[in-house]
Structures are given as structure tokens and as C-alpha cells.
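*Asks:* Okay, here's what each chain looks like letter by letter:
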Amino acid sequence: MNMYPHNESTGVRGLQRYALLLPVLLLTIALLADQSRLAAPDAPPASAAVQTIEIKQLKFLPPVVTVHPGDKVQWTNNDIVPHTATTGDKGFDSGSIGVGETWTLTAPAKKGDYFYTCTFHPNMKAKVVVQ
Amino acid sequence: MKIQVIAAAIVLVTGLSLAPRSYAQAPTDPQIVGIVLAADDIDINYGKIALSKSKNKDVRAFAQQMVTDHSAVQKSVRDLAAKLGVTPQDSDTSKSLNSKAEEITTKLNTLKGKAFDKFYIDNEVVYHKQVTDAVAAVLIPSAQNAELKSALEGAQPLFLGHLEHSQKVQASVEKGKSAMTAKAY
Chain A
1 MNMYPHNEST GVRGLQRYAL LLPVLLLTIA LLADQSRLAA PDAPPASAAV QTIEIKQLKF
61 LPPVVTVHPG DKVQWTNNDI VPHTATTGDK GFDSGSIGVG ETWTLTAPAK KGDYFYTCTF
121 HPNMKAKVVV Q
Chain B
1 MKIQVIAAAI VLVTGLSLAP RSYAQAPTDP QIVGIVLAAD DIDINYGKIA LSKSKNKDVR
61 AFAQQMVTDH SAVQKSVRDL AAKLGVTPQD SDTSKSLNSK AEEITTKLNT LKGKAFDKFY
121 IDNEVVYHKQ VTDAVAAVLI PSAQNAELKS ALEGAQPLFL GHLEHSQKVQ ASVEKGKSAM
181 TAKAY
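These protein sequences, in sequence, are chains A and B. Take my numbering: the final residue in the first sequence is number 131, and no numbers are missing along the way. Take my numbering: the final residue in the second sequence is number 185, and no numbers are missing along the way.
Everything labelled a hint here was simulated from the structure, so no lab data went into it. The model shown is predicted, which means the values in this text are computed figures rather than measured ones. Just so you know, even glycine gets a beta-carbon here, dropped at the ideal spot from N, CA and C. Nothing false has been slipped in among the hints.
Listed below are the simulated BS3-like cross-link pairs for lysine-lysine, each with C-alpha atoms no more than 27 Å apart in a straight line:
1) A:K125 x B:K168
2) B:K129 x B:K75
3) B:K75 x A:K59
4) B:K168 x B:K129
5) A:K125 x B:K129
Which residues of chain B face chain A? A few of them, derived with a C-beta cut under 10 Å, are:
6) Q65
7) V73
8) G154
9) E164
10) K168
Build the full structure now, drawing on both the sequences and the hints.
*Replies:* This is the structure:
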């Protein structure tokens with residue numbers, strides 16, 4: 001008669017559990033390693049960030065964003081008509097951003113206030129501050 | 001002052017009114033869809049006439065925008081109506097809109113040059129004022145279906161934007177020089 005049937009049984013089951021967990025653990029490590037390897041070459045510099053702007057109901061939301069040179073600024077058109085994000089002579093021009101589309105700008109190196117509008121709807125006004 | 005007088009005169013002459021008082025009773029959802037489609041159609045047609053006749057840069061840009069935007073609104077309204085199973089229905093309001101639009105269209109077809117630009121943009125200011133007033137005071141409160149109500153609320157800023165845009169073009173036509181080419185800020 002086994003004096004410690006419970007303990008012995010638990011020990012075996014514990015090993016079995018570890019044996020089952022091991023592949024999961026290895027897979028997790030492998031995935032994490034793979035992810036960091038894939039992300040490394042194309043990842044933006046540590047300081048770069050992505051600022052999103054929603055276009056909705058004839059408004060740029062938020063109307064003012066502040067970014068650093070090299071940051072990404074993304075406009076997504078959630079309105080019912082096409083829009084643009086366009087500055088004056090020097091700056092940027094998205095061209096037509098269709099309904100449901102996104103346009104991404106890499107913030108220019110030159111610091112300053114970039115006032116922009118929608119060329120289709122001149123009453124839409126907003127600003128990107130590069131600092 | 002002069003602009004208001006002209007705008008008032010157009011209202012009086014055309015009798016074009018979407019004002020709430022013109023509704024004997026609240027329009028039904030199919031009638032609301034019918035009114036919105038008719039109103040869009042009318043402005044698209046005005047815009048097409050302006051594109052074929054006007055040489056004014058600001059007027060042409062505005063007219064093109066009206067064609068583009070109201071076509072987009074029409075499509076989204078048609079899509080929503082189809083999704084909701086609502087069949088657009090004529091009403092006294094949509095019929096009245098169409099009959100007044102015929103008068104305006106006739107007038108637009110007879111005018112040329114600056115007189116055309118002026119009549120077109122003055123009418124656009126009045127038309128968008130009436131449309132935005134009617135959407136806020138009648139169409140949104142009357143809409144029974146929540147999605148239709150929400151779509152009307154979502155489109156209202158666009159119509160208000162058109163009103164503001166038309167007023168700027170009106171001012172530039174009055175002055176005889178472009179105000180729209182100035183810097184946005």
C-alpha cells in the first residue's frame with residue numbers, strides 16, 4: 001500500500017504539466033525574439049511618434065497637434081466627403097483623401113507652425129506645430 | 001447690408017422656402033429621404049450650370065465642390081435608405097422645391113458673366129441657409145429612425161460649411177476680386 005499516494009501522484013502530474021507548458025514557453029520566447037528582430041530594422045527612432053488626426057464633420061480633430069521633426073502625422077477621413085490637408089506655399093499637401101482613407105506625413109525638419117486647410121472646404125482650418 | 005437685401009429679395013422673388021412653417025405636418029422618414037435627395041439634386045444641377053457658364057475662379061471652385069459633395073451625400077442617403085428599406089417618397093415640400101428650382105434654373109440659363117455669378121452665388125447663400133435651417137428645425141426632429149436622424153446630424157456640418165463657403169464667395173464676387181486665394185490663415 002502506498003503511504004503517499006497523493007503526493008506521488010501530484011509529483012507526476014506536476015511534471016506532466018511542466019512538460020506541457022514547456023513548448024508554450026519556448027514558443028512565446030521564440031515569438032518575442034522574432035518580433036523584436038522584425039521590428040528593429042524599420043522601427044522609427046526612439047523619439048519618433050505617430051500623431052493621429054481624425055477628419056469628421058468638416059473638422060480636423062484635434063485642430064492643433066505638436067510634433068517633432070521626423071514624427072509621423074496621420075490624417076484619417078471619417079467624413080462623408082473627400083478632404084485635403086494642405087498648407088500654403090511651403091509645407092505639405094495631401095491631395096484628395098477619400099472617405100475612409102488615411103494619409104501620413106513625416107513632419108518636416110524645419111520647425112515652426114504649419115497652418116493648413118482643406119482646399120475643398122476652405123473654412124476647415126487647423127495647425128501642425130513642429131518643435 | 002446690400003447682401004442681405006439681395007438675399008431677402010431672392011427669397012421674396014423665388015418664394016423658395018424650406019422653412020418649418022411650410023410643413024403642415026411633420027414629414028415621414030420616406031418623405032425626409034425624398035426631400036434630402038431632391039435638395040441635393042437641385043444644388044448639383046445649379047453647380048453644373050455654373051461650371052458650364054461661369055469664368056470666375058471662386059465661383060467655379062465652389063460649384064465643383066457642390067457637385068462633388070452633394071453627389072456624395074446623395075449616395076450615402078441612398079445607401080442608408082436601401083439598408084433601412086426606406087423608399088424615398090415625394091411630398092408637397094419636395095414638389096415645391098423642384099418647381100421653384102425650375103424657376104431658378106430658367107433664370108440661371110438666361111444670365112451671363114458677372115450677373116450670372118452674382119445670381120448663382122446669392123441663391124446658393126439663401127438656399128444653404130434654408131436647407132440648414134430646415135435640417136435643424138424640421139428634418140432632424142421629425143426623423144423617426146435613429147440612423148436616419150444620426151445621418152442628418154452628421155451631414156449638417158457639411159451644409160453649414162457650404163453656407164459659410166458660399167458667403168465668402170459671395171463677398172469676393174461683390175468686391176470683384178478673389179478672396180479665396182488669400183492664405184487660409
